[in-house]
Amino acid sequence: MSAIRVQGLTKSFTMKHKQPGLSGSIKGLFKPVVSEKVAVQPIDFTVEQGEVLAFLGPNGAGKSTTIKMLTGILHPSGGEADVLGYTPWRDRQRLAFHVGSVFGQKSQLWYHLPPVDTFELMGRIYEVPMNDFRKRRDDLVERFELGNYLHTPVRKLSLGERMRCEIAAALLHRPQIVFLDEPTIGLDVVVKAMIRDLIREMNREEGTTLFLTSHDAGDVEQLCKRVIVINHGQVILDDSVTNMKREYLTHKTIHLKLAVIPEQPLLLPGVEVVKQKGAGLKLSVNTVETSIETVLAYIVQNYRLEDVTIEDPSMEEVITHIYAKAGKEQGHESSG
Amino acid sequence: MRARDEEHKRRQDGSNGPIMAGLEAASVNERTGRSASHTPWQDGERRGVSSLAVKLAKYTAVGGITVRNHVAYIYDFLLRSLFLLVILYVFLQLWTVTFEGEGTSRIAGYRFDQIIWYLIFAEAIIMASPRLSLKVEEEVKKGDIGYQLTRPMSYLLFHYSAYMGEAAVRLVVNLAVGGALGLFVFGVPDWGFGWVGYLVMAAGAFTVNFLITMMIALCSFWIEETWGIEFVYNKLLFTVGGMMLPLETFPETLQKVCAWLPFQTVVYFPSKMAVQFDALLIGKFFVIQWIWIALLSLLLALLYRKGVKKLNVNGG
Chain A
1 MSAIRVQGLT KSFTMKHKQP GLSGSIKGLF KPVVSEKVAV QPIDFTVEQG
51 EVLAFLGPNG AGKSTTIKML TGILHPSGGE ADVLGYTPWR DRQRLAFHVG
101 SVFGQKSQLW YHLPPVDTFE LMGRIYEVPM NDFRKRRDDL VERFELGNYL
151 HTPVRKLSLG ERMRCEIAAA LLHRPQIVFL DEPTIGLDVV VKAMIRDLIR
201 EMNREEGTTL FLTSHDAGDV EQLCKRVIVI NHGQVILDDS VTNMKREYLT
251 HKTIHLKLAV IPEQPLLLPG VEVVKQKGAG LKLSVNTVET SIETVLAYIV
301 QNYRLEDVTI EDPSMEEVIT HIYAKAGKEQ GHESSG
Chain B
1 MRARDEEHKR RQDGSNGPIM AGLEAASVNE RTGRSASHTP WQDGERRGVS
51 SLAVKLAKYT AVGGITVRNH VAYIYDFLLR SLFLLVILYV FLQLWTVTFE
101 GEGTSRIAGY RFDQIIWYLI FAEAIIMASP RLSLKVEEEV KKGDIGYQLT
151 RPMSYLLFHY SAYMGEAAVR LVVNLAVGGA LGLFVFGVPD WGFGWVGYLV
201 MAAGAFTVNF LITMMIALCS FWIEETWGIE FVYNKLLFTV GGMMLPLETF
251 PETLQKVCAW LPFQTVVYFP SKMAVQFDAL LIGKFFVIQW IWIALLSLLL
301 ALLYRKGVKK LNVNGG
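First to last, the sequence lines map onto chains A and B.
Residues 1 to 336 (my numbering) make up the first sequence, in order.
Residues 1 to 316 (my numbering) make up the second sequence, in order.
Isolated chain A (complex conformation) (with noise of 0.2 Å):
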């Protein structure tokens, strides 16, 4: 059963333009100019119950016009659209009841008083039974491990402490479907492993639907299994995280810092030494040519290492690509 369908869905913005000048100001009060922008063309999509969906796009590509529209602030401009049996822009109240969000850069909680007060007045708010609401609360509190900070206030609490609590607070109502936002933005390597582990448990366990936007490549690679990438208000790639690492996420960049100089270059099939700096070397290497097993076997056996790091590409590079590959097709399809 699909958990949200989208229609055609729709959206521009009428947008008034200003005419420089004070002669401008003062004619724009009279006679405005105006023009229509289209913030989201026409998109389909089909989204699964207990499906985590990775919705990936720069900023103004039109992805939070979107969010708007499927949980019911903004009403489109056409289309259709189908979430949980609801039309988000006429239900929107009673679908509230079965959506939760999470925002990196927002924070529900009260900021002077502890989580747990937090807690109780989201019980409140979407209208959890006392006794209910008691038992969800202790079983989030166990799995999130907030047993030590659930009596201290915000204020008072890390990023990573603070950001558990917030998806706990989101969690309570049992959320069908959950927005996540950025949900591990500024939290170090340790604290993003651990809220991908917990996200990932929510939907196992409760087979929550994920609707997640992210500029982390870690959270689409570790989290989603589909994705969809949009630009220009329009859907350029859906398909699985597996298709979309093989096809883009093919490179990964080596940092290596060498005991010594080194004297002979670097030769392996797929891997491309990008810089050089006495004996700091950067090397992109191709996955799909050559492991990075295989590329850091051969450095071992023939240097002298001192460091060395892997990275991702950044989800970044990876959408850039598959601008370009989008862009490329349109090209041909428009000169074809």
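Since the hints were made in silico from the structure, they are not lab data.
Yeah, the Cβ is synthetic: ideal placement off N, Cα and C, and Gly gets one too.
Treat the hints with care, as some may be off.
[What the hints assert, rightly or not] Short, incomplete list of chain A residues facing chain B, as computed with Cβ under 8 Å:
| # | residue |
| --- | --- |
| 1 | LYS68 |
| 2 | THR71 |
| 3 | TRP89 |
| 4 | ARG92 |
| 5 | SER101 |
| 6 | LYS106 |
| 7 | TRP110 |
| 8 | HIS112 |
| 9 | LEU113 |
| 10 | ASP117 |
| 11 | LEU121 |
| 12 | ILE125 |
| 13 | SER158 |
| 14 | GLU161 |
| 15 | TYR298 |
Use these hints to put chain B onto chain A, whose structure you have.
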């Protein structure tokens, strides 16, 4: 069985009182279909509980958490209300000279101590009013209002509960500081039911103040800055609202004009009832105050509906 439950619910919703009814009507999309009791929890425990009680619990919880949150600021408020002492000291001096100059024991029906207590109460209300428009303007401009709308609650009632919670904390602090000064200068006053009168009128006063300030704040859907309008409104409260002077001290024509404005209900009504309690007058004040509340709720509801429509259509 089900039909009877529905009927029961409807009847209870109907007895919501003007402010609740007005504000509830304000939430666009919120009244389509069934009431908000449609929750994942509904099939079970919920059936016997009336949806009104659940809704009420929702907003009292908001009020409660605001109170707790602002208790964290209590030293802030205390510090700020020291300014109240400065103002009151100046007025104390001014009125001493005025009473001496007039050579009478009463001016416009007020004794010297009554005038000063009147000022303490009036200032306490003004200085306890939360800076709502700043908060709402920010929410509208940054688009946070959208996220608030994804929750199953009315935006206006949420802010109303939070406003009243904050106002309550600040009022207590101001009354403690101002009251200490009053007690120090005049000793224990004898107002009879003045306290009750003040509290009853203050609840309505903050409600009117909320409604007007919220309307000003919502103007940020259409204009860039609402600060100017708020400035003018505050000055109106200072003058024709009766903060600086009780309305009786005004010329008769001006008094007649003030009687037709809502500003008197915010400052003059509660302060007057505190120092010169009158069982008949409070009835009249109460009716006038609540007529204004009904009227302003309706206006706010319309404005909000228009604003949300703009947000729905044009993204704010």
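Enumerated hints in conflict with the structure, sorted upward: 13, 14, 15
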